[in-house]
Amino acid sequence: MTKKILVIPPTQESTVRKRLREIAYLISNRYEVYILYWSKPGGKNIFYRVSATLRDIFRRGKVYKKNNHFFAQFPFFHRPFFMVKRYNQRFLEDFLINHKIDVVINGVHYFFFTPKTERYRYAHIFDVNDLPTEETKSALGSFIYEFAKQEAQKADAVVACSKGLVDYVQSQFHRQAYFIPNGAYIKEFSNIDAVKIQALRRQYGLLGKFVITYIGHIGDWIDMDFLLAFFKAAKMQYKDLALMIVGSGPDIAHYKRIAQDRDIIFTGGVLPDKIVEFFVISDLGVLPSRKNLFQDLAFHIKLVEYTASRKMVISSDLEEVRRLGFPNILISELNIKKWLTHLRLARSMTWDAHWDNLADEYSWEKIAQRYTEVIEMVSKRI
-9 MTKKILVIPP
1 TQESTVRKRL
11 REIAYLISNR
21 YEVYILYWSK
31 PGGKNIFYRV
41 SATLRDIFRR
51 GKVYKKNNHF
61 FAQFPFFHRP
71 FFMVKRYNQR
81 FLEDFLINHK
91 IDVVINGVHY
101 FFFTPKTERY
111 RYAHIFDVND
121 LPTEETKSAL
131 GSFIYEFAKQ
141 EAQKADAVVA
151 CSKGLVDYVQ
161 SQFHRQAYFI
171 PNGAYIKEFS
181 NIDAVKIQAL
191 RRQYGLLGKF
201 VITYIGHIGD
211 WIDMDFLLAF
221 FKAAKMQYKD
231 LALMIVGSGP
241 DIAHYKRIAQ
251 DRDIIFTGGV
261 LPDKIVEFFV
271 ISDLGVLPSR
281 KNLFQDLAFH
291 IKLVEYTASR
301 KMVISSDLEE
311 VRRLGFPNIL
321 ISELNIKKWL
331 THLRLARSMT
341 WDAHWDNLAD
351 EYSWEKIAQR
361 YTEVIEMVSK
371 RI
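Just so you know, the numbering used here puts 132 at position 142 of the sequence shown, and the rest follows in order with no gaps.
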């Protein structure tokens, strides 16, 4: 009998590929997979947040099919915290019973505590895709930490997407986690039409340019001020440089105003089926992350994607980047002089054919297979 899996992603952002959603898509050829669709109200407008909360409390439970995948919805609370845990847990338990779910896979988000198994027995995989919280002094930070701790300790298996997070789970929650990294569709990077790339260069005025790219969300963990200062210093040495910043973020308008350089291009967000082209268009990738625990423990999949594109990268000195150990990644603290040295080195480096397979083990297909092995293991405990 085909096992039924419920996947609860920690975010519903659809403009980028997200870990648990991609895994859910890929394992659906073997299992009957349901993806829980939920939304977290954004913005600071209190009336919008209240109306969104009321909408979700009275949401009608349903299962529907979209693009050949099953999605599920049921009511849930956003606040207060004691009701989030009690009632959301009950709504989730009712769904498991009604749909005879065999395995639940949930990520780090405090809305959905998994129920105890006295009333209904199922297997549980807790997926740690990020540092649960950077602080535990606030009510929200403490609640998120307790959520992650409880889920990790009662799960049949814990999976973490970086080796740093494996260590974190062990030290904080006293559980041994399976290391299954984030992934990419590696084959996409070798099937790009050269004519299309040339056209993209022409579209953005990059013909004859050495193109440096940052690709990803521009959050406060990315030091954009440093990146712009580095590029300004680099252009004093190399007149052929262009900087392309591919992604969205709350402060993009501010950085557009202060950039004041025709060779600095902000593309905004790019859809997942187009993003590969921007890796391929690059001559050099950069990852100017601020040094903190969140970034040290994160698995930076963009480094794998640059590698699949056969590109050199300059990256902040982060623990997980060092663990990755790819020879095409030049690592340094955020120091302009050191980054200029790395830029000079990167421009002189040539791709080594022995590096061509470095990214292969990070293909989503292989990662989904590793997830399948964990699913089969925990299923035996039902």
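Keep in mind that the hints were calculated from the coordinates and are not lab data.
It cannot be assumed that every hint is accurate.
Per label pair, the in silico range of CB-to-CB distance [claimed, not checked]: (1) D241 - T340: 53 to 61 Å; (2) F61 - V6: 12 to 20 Å; (3) R334 - K186: 26 to 34 Å; (4) S29 - H164: 29 to 37 Å; (5) T107 - D307: 23 to 31 Å; (6) K222 - E351: 33 to 41 Å; (7) M339 - N57: 25 to 33 Å; (8) H89 - N58: 55 to 63 Å; (9) S29 - D241: 17 to 25 Å; (10) R252 - G131: 40 to 48 Å; (11) F48 - W341: 52 to 60 Å; (12) A343 - Q143: 40 to 48 Å; (13) E355 - F48: 54 to 62 Å; (14) H164 - K30: 28 to 36 Å.
Note that the structure is a prediction, hence the values are computed from the model and not measured.
Just so you know, even glycine gets a beta-carbon here, dropped at the ideal spot from N, CA and C.
**Asked** Of the hints stated earlier, which fail here?
**Response** 1, 5, 7, 8, 13
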